[in-house]
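Guided by the hints, dock chain D onto chain P, whose structure is given.
Residue numbers (this note's numbering), protein chains in the order written: chain P, 151 to 555; chain D, 2 to 423.
Since the hints were derived computationally from the structure, they do not count as laboratory data.
Be aware that a few hints might be false.
Unchecked claim - Computed beta-carbon distance windows for the label pairs:
no., chain 1, residue 1, chain 2, residue 2, range
1, P, L343, D, S179, 31 to 37 angstroms
2, D, L13, P, W521, 50 to 56 angstroms
3, P, G442, D, R322, 41 to 47 angstroms
4, P, T178, D, F101, 50 to 56 angstroms
5, P, L196, D, I12, 27 to 33 angstroms
6, P, A358, D, A404, 21 to 27 angstroms
To be verified - In silico DSSO-like pairs for lysine-lysine, Cα to Cα no more than 30 angstroms straight-line:
no., chain 1, residue 1, chain 2, residue 2
7, P, K176, P, K447
8, P, K441, P, K429
9, P, K176, P, K429
10, P, K387, D, K327
11, D, K82, P, K387
12, P, K447, P, K429
All C-beta atoms in this analysis are idealised placements derived from N, C-alpha and C, irrespective of residue type, glycine included.
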Amino acid sequence: MSATEPLGGAATKSRWRPSPRLAQFKRTWYFFRRNSLAMVGLGIILVIVAGAAYAAAQPYNWTAMTPYCATNFGPKSTMTSSGGYNVSTVSCSPYVCNYQTTLPTNYADFCGGHWYKEPYSGSLSKTYYSGAVPPTISFSTFQSGTMPFGSISASDTSLNDIYNLYTELLRGSDWSLIFSVSIVGSGALIGLLLGAVAGFWGGAIDEALMRIVDVFLSIPQILFIIVMVSVLLALAKTSQALEGPTTELSFLVLGFVLIWWPFYARLVRGQVLVVREQKYVEAARASGAGKGRILLKHIIPNSLYPVFIQFSLDVGTIPIIIGGLVYLHFPIFPNESPYFPEWGALSSLGVTGVGDYLRGCQLGSGCFIPWWQIIIPGVALFLYAISVNLLADGLRDALDPRLRR
Amino acid sequence: MRMSIYVIRRILIAPVVLVGVMTIVFTLTSFLPVTDKISTLASVGPNQKCPAIQPYCACTVFGSSQPGNCANPAYWRDYDKLGLNRPIPVQWAFYTYRAFTFQWGTVSNNSALVTDAEYGNFKDRPVTTMLGVLLPYTLELAMVSLLIILAVAIPLGNLAAVYRNRPVDQASRVMSFSGFALPSYLLGTLIVMGVTLALIGGHTLAVRTPWCPAPHPIITELQGSWPGQQWGCYTGKVLPSLHYPVWISQCGSLHNYPGLATCPTGFPTVDAVINGQYWLAFDSLLRLVLPALVIAFGAIAALLRFVRNSMLEVMNLDYIRTARAKGVPERTVVKRHAGRNSMNVTITVLGLTFAYFIGGFPVIESVFVLNGVGYGLALSIISPMDFGTVFGTTILFTYLVVAANIIVDVLYAYLDPRVRLG
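Here chain P stands alone, though its shape is the one from the complex (with noise of 0.2 angstroms):
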């Protein structure tokens, strides 16, 4: 036994002991603390904590916030007779960003921050669309040489307040984390209730309660979430009362929660049907115990180890659903803003315009192809993930007594 062994029997020899639950907490820190990963995964969630922490301490102003598309820096493209294609920098209004539909029957604008197909021969001209909210990053025409990683523009410094992609994750830290504990703690707090009666109680509840779970659960995640929300959101407009980014946002948490409950309802009633048999509740029943004294006392703390895994892994999801949802232009963002910095959002707003700025740059021209839009905003929702699992992955090995090496 190691001199650092909490458990030692010098706790014994003396005459103060900690209380059951510090010791649990001593020991289980002590399991915990030789884990080197998941020591790696605290840091960066603390990191990430505090940064969350102080970006939710700066006042927020919905209006203040600015489309990407703002000045001169969306390159336009027209089709030469030959087929090549000349790349100059426009001035493009947000308005113009957000809002255009149609395009002029030989030149392909490149401010609309959608893909878009190009007019072939001039001859068969095509429409495209940008979707009417979502902001768009449009890049100038970089040159190859000294990038400040993270800014738009190697040039023009103005243009560096108007989107700095380090202040933007430092401001989004703390949506990342609200919208994804948020919906994945509610989530899983509905289904382990669920699922623990179902499995608990057994029989017409249950299998009602199952069935449900059942319909849930055959619905894709992401196709419920945008059915969920479009619709909420078509209802958000019919109503004064119902405006507004707080109302949006929720409706958009609640879509999430909606659809996340159900895995976790099966998860947890599997893991009762096992516990319920277990001797100690056995036990329990025998000492006098009632219903909910066994349910809240035995069986769902000793079915919590799956929750917990399945919560670390969901969490990193989130904001890479969001950032999927942004992707496919689905008006996720409230009206009154066009975007909020949220990591995922901010990944997916990165691909979309540096896509953009490839498809508008003209080969050979000498265009630098902004990559940092991509894997800066990767990096951080892979970290994230990345954390929150190791640290979760701990966190299981020092609780749980057979896992413990």
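Quick look at chain D alone, frame taken from chain P:
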């Protein structure tokens, strides 16, 4: 035969789930304004005079020269037909009936879908027509990615279990983590950029292909794994169509592009083979490779750990020790004895994650510009929302998930006799 009874029982449960999903969709539609509801629910044909969703439209009253508003017969016909003046339960019954009989509404006039040159041809047509044309592409993509998933996840998971905590296991752990943590649109775009850069490296702008002898400029857009647009040179001359599935229009008989002569199945690869155009078949398979890889990368992440853990559990069982004691070679033990039993878990997890798997298609098909159901959905959710297409796609995907779950359960029963006999 117990097996057949099991299968029948399993299939009989499916409608219950479907009715549940339709009830959810119905509940959601009841929040919509009436005009949206009509365009969502009604299965009306094209109406030339004025859009079916408007209750009143311009017409000439009081003689020929004075325009005014008259009641739109199409609107009120749909209003009655949908039973919107009836009690809610009756509306629900109507809706469920229509959903089961594939009356999923029409493609909206205002949708971003109809401003697209290809999809625009579905304007005012039933949603089911559009989905019927697009579904084969999505199914082909799903097949290819499922193949990749199974071909990678099972051997890799087994290897990771056999060589536990060795480099293979660590590699599989890293792969699994990154599959969870990397968004598919990001990975897809990185691949698209990589391929594009590899192709335009050195700024050579002309490329020749075996089926298209004339050189073609490269456009920085991939359709599938393949540079798109001006590469659409299938029959020796550059097609006016800029899109990958040239015969999508051919088979929907909406355009008259020279693609394939006949399209008996609607599946591009199969049709190309039937028509004897083997380059075309190869090409259409090749287009699916990169998107399928990206989809597979995410799905493998979910599957890999389960395969590994179930394999670990199985490898500790007594019959494995018995097999080893009998002197069965380790290869055979892993492959035959342990492998088959760990398949159960693999298949169950595959069934559980199928909804998640298929939910990734809209994004992937948008990244790689593949004209499937997902891309159609991606176009239809841009504001103004095309509710008919959105709800139709949702129900279609639910059908797919339910079908996949039936297949999974049957396979599971086949692999594990305890399920069908117990």
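Against the structure, the hints come out as follows:
1. For L343 (chain P) paired with S179 (chain D), a C-beta distance near 34 angstroms keeps the hint of 31 to 37 angstroms intact.
2. Taken as a hint, the range 50 to 56 angstroms holds for the pair L13 (chain D) and W521 (chain P), whose Cβ atoms sit roughly 54 angstroms apart.
3. Separation of G442 (chain P) from R322 (chain D) is about 45 angstroms and conforms to the stated range, judged on CB atoms against 41 to 47 angstroms.
4. Range check, T178 (chain P) to F101 (chain D): about 54 angstroms between beta-carbon atoms, so the 50 to 56 angstroms window is met.
5. L196 (chain P) and I12 (chain D) have their C-beta atoms about 52 angstroms apart, which leaves the hinted 27 to 33 angstroms range violated.
6. A hinted range of 21 to 27 angstroms for the beta carbons of A358 (chain P) and A404 (chain D) is consistent with their spacing of about 24 angstroms.
7. Between the alpha carbons of K176 (chain P) and K447 (chain P) the distance comes to roughly 22 angstroms, so the proposed pair stays at or under 30 angstroms and holds.
8. At roughly 15 angstroms between alpha-carbon atoms, K441 (chain P) and K429 (chain P) fall within 30 angstroms of each other, so this suggested pair holds.
9. In summary, the hint linking K176 (chain P) to K429 (chain P) is supported, as the alpha carbons are separated by about 28 angstroms, within the 30 angstroms threshold.
10. Among the hinted pairs, K387 (chain P) with K327 (chain D) is inconsistent with the structure: their alpha-carbon atoms are about 73 angstroms apart, more than 30 angstroms.
11. Taken as a hint, the K82 (chain D) and K387 (chain P) pair is honoured in the structure, with Cα atoms around 27 angstroms apart against an allowance of 30 angstroms.
12. A distance of roughly 14 angstroms separates the Cα atoms of K447 (chain P) and K429 (chain P); the hinted pair therefore holds under the 30 angstroms criterion.
Of the hints listed earlier, those the structure fails to meet are numbers 5 and 10, in rising order.
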